[in-house]
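Q: Based on these hints, arrange chain V on the given structure of chain C.
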Amino acid sequence: MAEQSEEKQAPSEWVKIVSRNDGHTFIVPREVAMTSGFLRHTFDPEGGFMEGTQNVCILEERHVDSRAVAIIVEKVMEYLSHKHLYGKADAREEIPDFQERIPPDIALELLMAADFLESA
Amino acid sequence: MSRRGRNNITGPSSALTSFLREHGITARHSYFGRADQAPPAEPTPAGDEEQPADEEENASASQTPARNNVSQTSLMIPVLSLQSGYASDNLDESAEEASPPKKKRKLTKAAEAKLKAKEKAALDKKGESSGSGKRKKLEDEEDDEDDDPYKAKSKGMMSEAVGKVAPIGTFQNCAQCGKKFTVTKYTLSNESGMLCHACAKASGADPFKKPAPRKRKDPAEKRTVKNFEEVDTVKPLTSLCINIIGKYIDQVEELGDIGTVNMDRICRIVSKTRSLTEHNVRLFYDASNTSLVIYDATNLQGPAYETLAYFNPNLERLTLHLCGRMETPTIEHWSTSLPNLKRLELIAPFLVRDDAWLKFIRSRGPHLTGFLITNVPRFTRECLDALIEHAPQLQELRLSDIIKFEDSWLEPLAQLTNLTSLDISTDRSGRVILSSAAVVELLKSLGRNLALLDLSGHEDLEDAVLTDGIAANCKSLTDLSLSLLPLITDEGIAAMFKQLPSTNQLVRLDMSRCHGAASLALAALLEHSGHTLVSLDINSWKEVDEDALKLIAAKAPNLSTLDVGWCRNVNDIVIGSLIKADQTGTTALKRINCFGCNKITNNCPKRIGVSMHGVESDVRLQRL
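Note that the protein sequences, when read in sequence, are chains C and V. Numbering follows full-length UniProt numbering, in which position 93 of the first sequence is assigned residue number 93; successive positions increment by one, without gaps. Numbering follows full-length UniProt numbering, in which position 190 of the second sequence is assigned residue number 190; successive positions increment by one, without gaps.
Isolated chain C (complex conformation) (with noise of 0.2 Å):
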């Protein structure tokens, strides 16, 4: 059950993404973190949930459903950040392509991770 701590913090420039697979952790700005709709309504203070406090997120092989999760982990974590600093690029700046960067034996199991992360 997820206890609400008395004392308000600000909250923290970085947020954490544990792969506990594998023991991986990702390390990530906030902002760039909050991309994703599932990370942002996890990481958000008010939402009642323990990683809102802690700041850290733990992602097992049930949530990203493959092996190799930390691969997977790491590429999201990536992608984020790619669509953190584009996203407010004026419309005639170059965006490189994103997809030239994913190894496509990757896909299948990143498509599930993406779609799980809502990182639309």
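For the record, the hints were derived by calculation from the structure and aren't laboratory data. Possibly wrong hints are sitting among the right ones.
Lysine to aspartate or glutamate pairs mimicking EDC-like chemistry, simulated, CA-CA at most 20 Å apart [stated by the list, open to error]:
| id | chain 1 | residue 1 | chain 2 | residue 2 |
| --- | --- | --- | --- | --- |
| 1 | V | 235 | C | 97 |
| 2 | V | 235 | C | 44 |
| 3 | C | 16 | C | 44 |
| 4 | V | 590 | C | 60 |
| 5 | V | 580 | V | 547 |
| 6 | V | 235 | C | 51 |
| 7 | V | 404 | V | 463 |
| 8 | V | 235 | C | 118 |
| 9 | C | 16 | C | 51 |
| 10 | V | 235 | C | 31 |
| 11 | V | 247 | C | 100 |
| 12 | V | 247 | C | 31 |
| 13 | V | 475 | V | 427 |
| 14 | V | 235 | C | 60 |
| 15 | V | 235 | C | 100 |
| 16 | V | 272 | C | 118 |
| 17 | V | 606 | C | 51 |
| 18 | V | 247 | C | 97 |
| 19 | V | 606 | C | 78 |
Residues on chain C that point at chain V, a partial pick, calculated with CB under 10 Å [unchecked claim]:
| id | residue |
| --- | --- |
| 20 | 32 |
| 21 | 110 |
| 22 | 113 |
Glycine included, C-beta positions come from ideal geometry on N, C-alpha and C.
A: This is chain V only, laid out in the frame that chain C set:
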């Protein structure tokens, strides 16, 4: 340039004339000899007083041709000429005269607006990009207006007329050489006065030379359309992945080890965004497939379905959602191309005609165990008869939302005694209305073997169906759907559950939108089926009281999905009891739907693993 002569005859006029007339500018008075008017060459002092009024008039855009009245417009031109210091009684010059004051105004306005926009843009560069984008569009619009060939101020008009001190047609002395010359449109002037043609040419300024064209914005640049849907920005990761799938569809091994991936989940995701196309659907095809489900077949057209059959020849079970583009030839084709097909489920193949159904039923009928179609207006009585005749062993039947369905169809249906699953529900449109008596008769013959029964949406059904039909005849129900039946009552439902044999172990019960139901019904239903229920939907049972609701937790330990939407008496305590918040016991609940329960507050207990949908106090957290 006096084209008119001295009479009142007005014939068809040139574009210029009509433009002037529109703006109420005319110099006709000068030619038609107004008594009180001074000779055309000189400005009229009488016009002086009218200045301010007329200036406004002229500056405003709408001038009706009615103003062309001689007496009225006589005031216009002299006024203008005075304003700008000219006497003008000639059409052309008046045209020019008319425009500069207006244009000056327009310029000023445009200049002002531009200034403002620039200021704002400067301020907002620190702010949201979208805001400045919009303002940029404003700026662009103004630029566009300037450069737009239709709206732009005429180039010709800009260059001349800004220094003339005499009306066209009059004689003037050249400032330089002193010669007398006729002032024309092309006369130039310098600081001291007007120059005759020779001097003007000598000074180098060619009056006939058009001014350098204003630098226009590159059309390509101007074409930036502000996409409010943000098409230009970063594409979602899901669509990137789907693109990759499409790209590598022919080298499927490149996509990694597919065997371990849940292809059904992939299919759902691809369908979610309507990205399933003829091209990437091949990812799901496999010669060894025995079962195929496509969640959104909208992008598949006629021949694609035949391809489906070629690639999956061993299919036994096929489910297609949203196959609205499937046509008659497909079903005919499948009569022969899917030799192992046993169960066919099609949602909305509304184009297929009855002859195709007949052909399919006649050829595949004997092998069919499941025939489930929804929303097929062309399924006729003849088709039904064929089905009964050729597929008497049918176990699963769904004829949901078939327009032609009616009471008389239930009679032949009664012959399908092997049915274990019968769904003759309909949507809310009320096009299909069955009567209680007919349904009861049907259940008398079929009820015994039915495990799934769905009669939702037939609004005329009454309590009799429940007691005489279901309770009396059904022995092995596990899945019962009776939603949207407004005529059935609380007592009726209670009676049904009291009467229902206990061999019916209901796992799933949907009685949503039966407004008559209340606490009696709930208590009775829990008493009967509580221990087996996994999914319960009592949405819109608004009268159910709190005590009955608390019974759910006590009597239905295996409940995994619960919909108590619009049950007004659901409050924090009820929810607490459901998820066993205070005790440390386990609960099987995974999902609670509680839309419209306004007694639930912010302090409503929560539990890990239980998702609650529809809590109103959470509205502010929802990104709508």
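Q: Run the structure past the numbered hints and jot down the numbers of the failing ones, going up.
A: Structure breaks hints 2, 6, 7, 12, 13, 14, 19, 20.
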